[in-house]
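Asks: The primary structure of each chain is shown beneath.
There are 2 protein chains.
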Amino acid sequence: MTHSYSSALATLGEFGLISRISAAVFTHGSVITGIGDDAAVTTISKGMQLLTSTDMLLEDVHFRRSWHDPYRLGRKSLAVSISDIAAMGSLPRWALLSLAIPSDLSLDFIDDFMRGFLAMASENQVVLIGGDTCSSRSALVVSVTVMGEQYTDRIVRRSGAVPGDDIWVTGTLGDAALGLKLLESGETVSNELLTGLLDPEPRVPVALLLAEAGLATAMIDVSDGILADYGHIAEQSGVGGSIHIDNLPLSASFKQYTAGFSVIPYQLVLSGGEDYELCFTAHSTNREKIVDCAKKCGIDVTRIGIVTSCSGVAAVHRDGSSYIVQTDGFNHFK
Amino acid sequence: MTHSYSSALATLGEFGLISRISAAVFTHGSVITGIGDDAAVTTISKGMQLLTSTDMLLEDVHFRRSWHDPYRLGRKSLAVSISDIAAMGSLPRWALLSLAIPSDLSLDFIDDFMRGFLAMASENQVVLIGGDTCSSRSALVVSVTVMGEQYTDRIVRRSGAVPGDDIWVTGTLGDAALGLKLLESGETVSNELLTGLLDPEPRVPVALLLAEAGLATAMIDVSDGILADYGHIAEQSGVGGSIHIDNLPLSASFKQYTAGFSVIPYQLVLSGGEDYELCFTAHSTNREKIVDCAKKCGIDVTRIGIVTSCSGVAAVHRDGSSYIVQTDGFNHFK
Chain A
1 MTHSYSSALA TLGEFGLISR ISAAVFTHGS VITGIGDDAA VTTISKGMQL
51 LTSTDMLLED VHFRRSWHDP YRLGRKSLAV SISDIAAMGS LPRWALLSLA
101 IPSDLSLDFI DDFMRGFLAM ASENQVVLIG GDTCSSRSAL VVSVTVMGEQ
151 YTDRIVRRSG AVPGDDIWVT GTLGDAALGL KLLESGETVS NELLTGLLDP
201 EPRVPVALLL AEAGLATAMI DVSDGILADY GHIAEQSGVG GSIHIDNLPL
251 SASFKQYTAG FSVIPYQLVL SGGEDYELCF TAHSTNREKI VDCAKKCGID
301 VTRIGIVTSC SGVAAVHRDG SSYIVQTDGF NHFK
Chain B
335 MTHSYSSALA TLGEFGLISR ISAAVFTHGS VITGIGDDAA VTTISKGMQL
385 LTSTDMLLED VHFRRSWHDP YRLGRKSLAV SISDIAAMGS LPRWALLSLA
435 IPSDLSLDFI DDFMRGFLAM ASENQVVLIG GDTCSSRSAL VVSVTVMGEQ
485 YTDRIVRRSG AVPGDDIWVT GTLGDAALGL KLLESGETVS NELLTGLLDP
535 EPRVPVALLL AEAGLATAMI DVSDGILADY GHIAEQSGVG GSIHIDNLPL
585 SASFKQYTAG FSVIPYQLVL SGGEDYELCF TAHSTNREKI VDCAKKCGID
635 VTRIGIVTSC SGVAAVHRDG SSYIVQTDGF NHFK
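Residue numbers (my numbering), protein chains in the order written: chain A, 1 to 334; chain B, 335 to 668.
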């Protein structure tokens, strides 16, 4: 049931490809045995818990080869899982990468993909410790698992939001969703709008500072749209929320592009996918400390709403009137 | 870039499917936070190291829906990664499962797959702690990560074999390769020949006993054929080996099927894939203890050769003459 492979990769073979990848891997002292045995062996730091998250990226479902160059695709493939570990206020440490490679994919593509993946790994002090490679009869499939660690009392879950807490978000929202809409309609798109979509940066430093200082009561990464993702915090914390849409942070590019519109397309900001920013809740006495944390990390944070005691998440205008939106985020099944 | 989904699954949605899966999951005390947050949180037992392994299974590359019923496919998807943790002499503890689901797949298929996956998990005291689900435009893709733990001095690597050690293997070899050949040629195949191919049982109990007693000097699971897999032990231990082909353990079904052949198809036994047995090396003074360990686990073990100091792995007959074979195992790229 094996399948033929592109000639350069067939010559290299599965073990040749693994050796080629292993040779480029950065490592650190926590890795006892990395790539090359039946399983990787790593040491969890004393007193810390293990955190694990996994994501699968499919060609033509999560990415297109015509839009995503291999280098940035490699970066993003790891970034989305690092973002999940960051959203727990935890330190990403190790990664596993599995690739199902179609026969028309060149060795250059794999090399560029791996350069991007390993650059993202190295920027975040993450070690690639294992994975799997096989041939695919159709689409390129990328599956990444990232493991991290953190002291028990510093881990930030979705379940700790309390009525009266502020709702915060890092960076800006809606760029990736707008960028995707424009790409889909064949329009020229500025680089700023595409950064989140093609090369998101996981917010590890600010997540760690917030966790260490005990400032975030709940946290999630915004991958399915702020409404859906804050909705998870609300559900798991047994609270509700009011999102003030006039406070939602928009990038200069987003504002510029939508300046001529009769209505700002807030549905992209509220329910568009792939922002990969952090949404967190915090007690209102900690506003200054939170702004200081963000400043230290060179990132903007914005208060976008309030945790409420009633159930449900509402998007409201400054005058208190409701904004009517689609609330199902980026449902991969629809 | 999202893709339409079969109606029952589309109605259920990604979060509905995850809830459905979560509801059936068995758990244990080491799992602090399982499915439902950005990352799972688990506790490594005091003094133990973390072991991690991952495998990707693609439809029409690693399995066919016409051959693999969903229940056994679910079991096997987890078994192959548990087998890797066992091959390190370690205790499998937690699993992650990612599924890319084509639009023609029914909810019944997913339910049966999950029943099989979770039965295999529960039999091995493994907890499903996370994963990812998305739609696929073509093939069903299954990606599994299994994590385990073990005390540092009990972990068995590929690198500890010493010249003069015996080479051992659990169970029988070649059944899966012969079963696959027969399936491919459309012949009727007995259940025994298909067990390894369709429903392999990871050899966890015997692996743990061998590791705890310090009996195995090196170990690997046989997934690419004993010659290729022992070859990894030889390479990483800086030794060679002599495999005695007349000693290779064959099942009653294998013997019965090949009884009429002019030559026993040893290439299937040596280089066929997917045996999922353990190959390990051990000092010759420990033969009785090893047989006792295996007996306690209700499994056969067979001495199939000797670790040598010269490089290279040779397959030889009882009279010392060489057996000429293909040595590249089950190369997924060819």
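Some hints could be false.
Simulated crosslink set (DMTMM-like; lysine to aspartate or glutamate; CA at most 25 angstroms straight-line) [what the hints assert, rightly or not]:
id : chain 1 : residue 1 : chain 2 : residue 2
1  : A       : K46       : B       : E546
2  : B       : K380      : A       : D153
3  : A       : K46       : B       : D487
No wet-lab data here; the hints were simulated from the structure.
Please read these numbers as outputs of a predicted model, since none were measured by experiment.
Asks: Hinted pair, alpha-carbon criterion (25 angstroms max): K46 of chain A, E546 of chain B. Please report holds or violated.
Replies: Cα-Cα ~24 angstroms, so holds.
Asks: Check the hint pairing K380 of chain B with D153 of chain A against an upper bound of 25 angstroms on the C-alpha distance.
Replies: Holds: K380 of chain B and D153 of chain A sit about 18 angstroms apart, inside 25 angstroms.
Asks: Between K46 of chain A and D487 of chain B, is the straight-line Cα distance small enough, at 25 angstroms or below?
Replies: holds (18 angstroms)
When each numbered hint is compared with the structure, no violation occurs for any of them.
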